[in-house]
Amino acid sequence: MAVATAAVGIEMLEALAIVLAVGVERRMRDALIGALAAAVAVLALCAAVGPALLSGADLSSLRVLVGALLLLFGLEWLRKGVLRMAGLRRRSSSYDEYLEERDALATDPTLSGRDWAARIVAFKGVFLEGLEVGLIVLALGSSHGGLLPALLGAALALCAVIGIGLVLHAPLRRLPETQLKLGVGVALTAFGTFFTAEGLGVEWPLGDAALLYLAAGFAAVASLAAVRLRVPPRYPAEAAR
Amino acid sequence: MIALLRSLRSLILGETWTIPLGVGAAILVAALLRSAFSDQLWDELGGFVLAGMVAATLIGSIFRASGR
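Chains as they are written, first to last, in the working numbering: chain W, 1 to 241; chain U, 1 to 68.
Please keep in mind that the hints were generated in silico from the structure rather than gathered at the bench.
For glycine and all other residues, C-beta sits at the position ideal for the given N, C-alpha and C.
Treat each hint with caution, since some may be false.
Quick list of the computed label-pair ranges, beta carbon to beta carbon [stated by the list, open to error]:
id	chain 1	residue 1	chain 2	residue 2	range
1	W	LEU36	U	ARG9	36 to 42 Å
2	W	VAL49	U	ARG6	45 to 51 Å
3	U	ALA25	W	ARG27	30 to 36 Å
4	W	ALA155	U	ARG6	17 to 23 Å
5	U	SER10	W	MET28	25 to 31 Å
6	U	ARG6	W	LEU32	39 to 45 Å
7	U	PHE63	W	LEU36	53 to 59 Å
8	W	ALA160	U	PHE37	43 to 49 Å
Coverage of chain W stretches by chain U, computed from C-beta distances (three or more under 8 Å per stretch; other residues unrestricted) [claimed, not checked]:
id	stretch
9	33 to 41
10	114 to 123
11	154 to 163
12	199 to 206
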């Protein structure tokens, strides 16, 4: 549940940044219409594909499939996190994304009536982030402990993000997003390795506690790589953080 | 539409081919080793072999992206 909460929270934060940027720079109504349409599309896609995916495969194949999916997400988050910690990539900041999106929209003339440009930007942002959320929740829910804890975690994260959205700016700037994403990357990679190996018939020493030593191992590898690659920050704002 | 498809591809596979190729190779090699190892040896060591290959994929993708 904790992994689902963290992963969903971070993804939703990014979607929130895009929706707010569209809402502030164009019209909040169009931003919400785009976001709502994307949320409905993601839910419909998950509802249609999820059960078919879960019931159609045998347990071992499903574990390998889910594990591979989690590994793809987890390793990508870890890779980016290490590069950010090493100063080779700009640090993750939903607030900066919000500012960039707002500036980009400001150069685009507002249309009268229905602002389709704003709706499409909001739709695309929420759809892509939402799809990643859907895949992570389905993957975690299908393999370990059932869908309920993963859905509860996702709901908790959604409430937290909506809360942040209502009192935005300062909280969004204060979140250590780079470290949070690195932590979620470690957790997703550990879960992915665990499920894939189980799908391939492995019996982990210490059972579910294997997740802890796997996470510790991947965190150690990521930390060592970040230390080894560390360079002076390329981006001026990084030095202050 | 093409931009959306590109975004979807990078959403699932990431920004680099190193990770999907590495994950695919790790699973393939693990499946081959499973048939080569005895059941008991695979039970005890298989997970660590896979974890090692995953860690190698991570290190490869990081160093490739950093250009070192």
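Using C-beta distances, would you say chain U covers the stretch 199 to 206 of chain W, given that this needs three or more residues below 8 Å? holds (count 6)
Taking the CB of LEU36 of chain W and the CB of ARG9 of chain U, does the distance hold inside 36 to 42 Å? Since LEU36 of chain W and ARG9 of chain U have Cβ atoms about 25 Å apart, the given range 36 to 42 Å is violated.
Using the beta carbons of ARG6 of chain U and LEU32 of chain W, state whether their distance is inside 39 to 45 Å or not. Violated: the Cβ-Cβ distance is about 26 Å, outside 39 to 45 Å.
Three residues minimum, CB to CB under 8 Å: does the stretch 33 to 41 of chain W make the cut for coverage by chain U? Let me know. Coverage by chain U is violated for the stretch 33 to 41 of chain W (0 residues, Cβ < 8 Å).
State, for the Cβ atoms of VAL49 of chain W and ARG6 of chain U, whether the hinted interval 45 to 51 Å holds or is violated. violated, 21 Å
Given a hinted range of 53 to 59 Å, is it respected by the beta-carbon distance of PHE63 of chain U and LEU36 of chain W? violated, 43 Å
Check the following: the C-beta atoms of ALA155 of chain W and ARG6 of chain U are separated by a distance inside 17 to 23 Å. violated, 31 Å
Starting from the hint 43 to 49 Å, judge whether the C-beta atoms of ALA160 of chain W and PHE37 of chain U obey it. Holds: the Cβ-Cβ distance is about 45 Å, inside 43 to 49 Å.
Proximity test - 8 Å, beta-carbon atoms, the stretch 114 to 123 of chain W to chain U, at least three hits: violated (count 0)
Supplied distance hint 30 to 36 Å, evaluated on CB atoms of ALA25 of chain U and ARG27 of chain W: violated, 49 Å
Go ahead and decide if the range 25 to 31 Å is satisfied by the Cβ distance of SER10 of chain U to MET28 of chain W. holds, 29 Å
Are three or more residues of the stretch 154 to 163 of chain W within 8 Å, CB to CB, of chain U? The restraint on the stretch 154 to 163 of chain W is violated, since only 0 of its residues have a Cβ under 8 Å from chain U and three are required.
Of the numbered hints given earlier, the model fails hints 1, 2, 3, 4, 6, 7, 9, 10, 11; all others are met.
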